[in-house]
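**Student:** With chain Y held as given, fit chain L onto it using these hints.
Going down the list, the protein sequences come from chains Y and L.
First residue of the first sequence? That's 1 in this note's numbering, and the numbers climb one at a time after it.
First residue of the second sequence? That's 1 in this note's numbering, and the numbers climb one at a time after it.
Among the hints, erroneous ones may be present.
Claimed, not checked - Once the Cα atoms are required to be at most 25 Å apart in a straight line, the calculated DSS-like pairs of lysine-lysine come out as:
(1) Y:K114 x Y:K138
(2) L:K98 x Y:K114
(3) Y:K54 x L:K98
None of these hints come from the bench; they were simulated from the model.
No experiment lies behind these values; they were computed from the predicted model shown.
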Amino acid sequence: MWAEIRRHLRDFATPVLTGLDGDGYPFSIRCIPELDEAHGVLRVYLPGWTRIRKGPASLLCHGHNELLWDLRSFMVRGTLEPAGGNNWLFRPTRFVPGIGISGLSGMARFALAKRRTAGRYLQRRGLARPRIDWAQLKTLQARARQPSPPQPESPE
Amino acid sequence: MTLPIPAEVEAVLREFRTCEFSTLAADGTPITWPMLPFFRASTGQFMTTTSIGLPDKAFNIRRNARVSLLFSDPTGSGLFDPPAVLVQGDAVAPDVVKTSIGGFENEVMLVYRRQPAGTMYTSNPAMRWFSDWYFMRLEITVTPRRILWWEHGDLSAVPRVVEAIHVG
Numbered sequence: 001m002w003a004e005i006r007r008h009l010r011d012f013a014t015p016v017l018t019g020l021d022g023d024g025y026p027f028s029i030r031c032i033p034e035l036d037e038a039h040g041v042l043r044v045y046l047p048g049w050t051r052i053r054k055g056p057a058s059l060l061c062h063g064h065n066e067l068l069w070d071l072r073s074f075m076v077r078g079t080l081e082p083a084g085g086n087n088w089l090f091r092p093t094r095f096v097p098g099i100g101i102s103g104l105s106g107m108a109r110f111a112l113a114k115r116r117t118a119g120r121y122l123q124r125r126g127l128a129r130p131r132i133d134w135a136q137l138k139t140l141q142a143r144a145r146q147p148s149p150p151q152p153e154s155p156e
Numbered sequence: 001m002t003l004p005i006p007a008e009v010e011a012v013l014r015e016f017r018t019c020e021f022s023t024l025a026a027d028g029t030p031i032t033w034p035m036l037p038f039f040r041a042s043t044g045q046f047m048t049t050t051s052i053g054l055p056d057k058a059f060n061i062r063r064n065a066r067v068s069l070l071f072s073d074p075t076g077s078g079l080f081d082p083p084a085v086l087v088q089g090d091a092v093a094p095d096v097v098k099t100s101i102g103g104f105e106n107e108v109m110l111v112y113r114r115q116p117a118g119t120m121y122t123s124n125p126a127m128r129w130f131s132d133w134y135f136m137r138l139e140i141t142v143t144p145r146r147i148l149w150w151e152h153g154d155l156s157a158v159p160r161v162v163e164a165i166h167v168g
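Isolated chain Y (complex conformation):
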């Protein structure tokens, strides 16, 4: 796990750290983690006003280009603990690969795994695998290529 974190983390300048606040809601903030090789932890500085509390946490690294492509992501589950002042330790427990960091074969494995997950979701509810209306999607794709911008909000 540590080797994967070390290999991929360097591609992301400011990962998103998420912990819990005092009300039990997720609270996310960008941070600049430093690898502490000796202790197998990530050292992060959090501003004094932060609402994040000690406890379970995760670190997300992701990115995309201007056209929402070249998607890359991974997440690390772990725990967050104070280390004096505004310094904190993120102790990783699990590396979770996302999209775009495992190559084409990884992408194929990802898609097949999610296809099976979808099948199980339907099976447990006694639902047949639905047919997707591809023609309808194609029509919308063609409309999306037209020059007039769509309204961002659908009718309520």
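**Tutor:** Chain L in isolation, oriented as in the chain Y frame:
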């Protein structure tokens, strides 16, 4: 209902291509993944969806409604020097598998405008077989309870906060 937020904050909610969406796993760990959010200004709520091939977000929400959306990556938004925004709220994710686009035409078109290469998933029969699961979706609606924002996206500064929002 209009949210009590400045126009530049609302522009972020409308124009950012992705947000970092967090739900709570069974052991309480916040799980964060990028998502495509759709802000509905008339209700002050957010709509997003997840595939039944990636159902954990929905499972988490059905167990614990607390979620958050961080808007911190302006890439592709066209906005200059926007604030960063964190929305904390309560979500619902009904167990209804949607494969029809009816009612979501504008959102689907917006996705294809923002992500034109996404059409590759429907480009031929093999790709359609491979990715049909992606188009079997669960709808997620988020009602904001607290919104924080940081001018100029400076997350080291003290955020401005709107608390106890009553929308939805």
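**Student:** Hint compliance check: list the failing hint numbers for this structure, sorted ascending.
**Tutor:** 3
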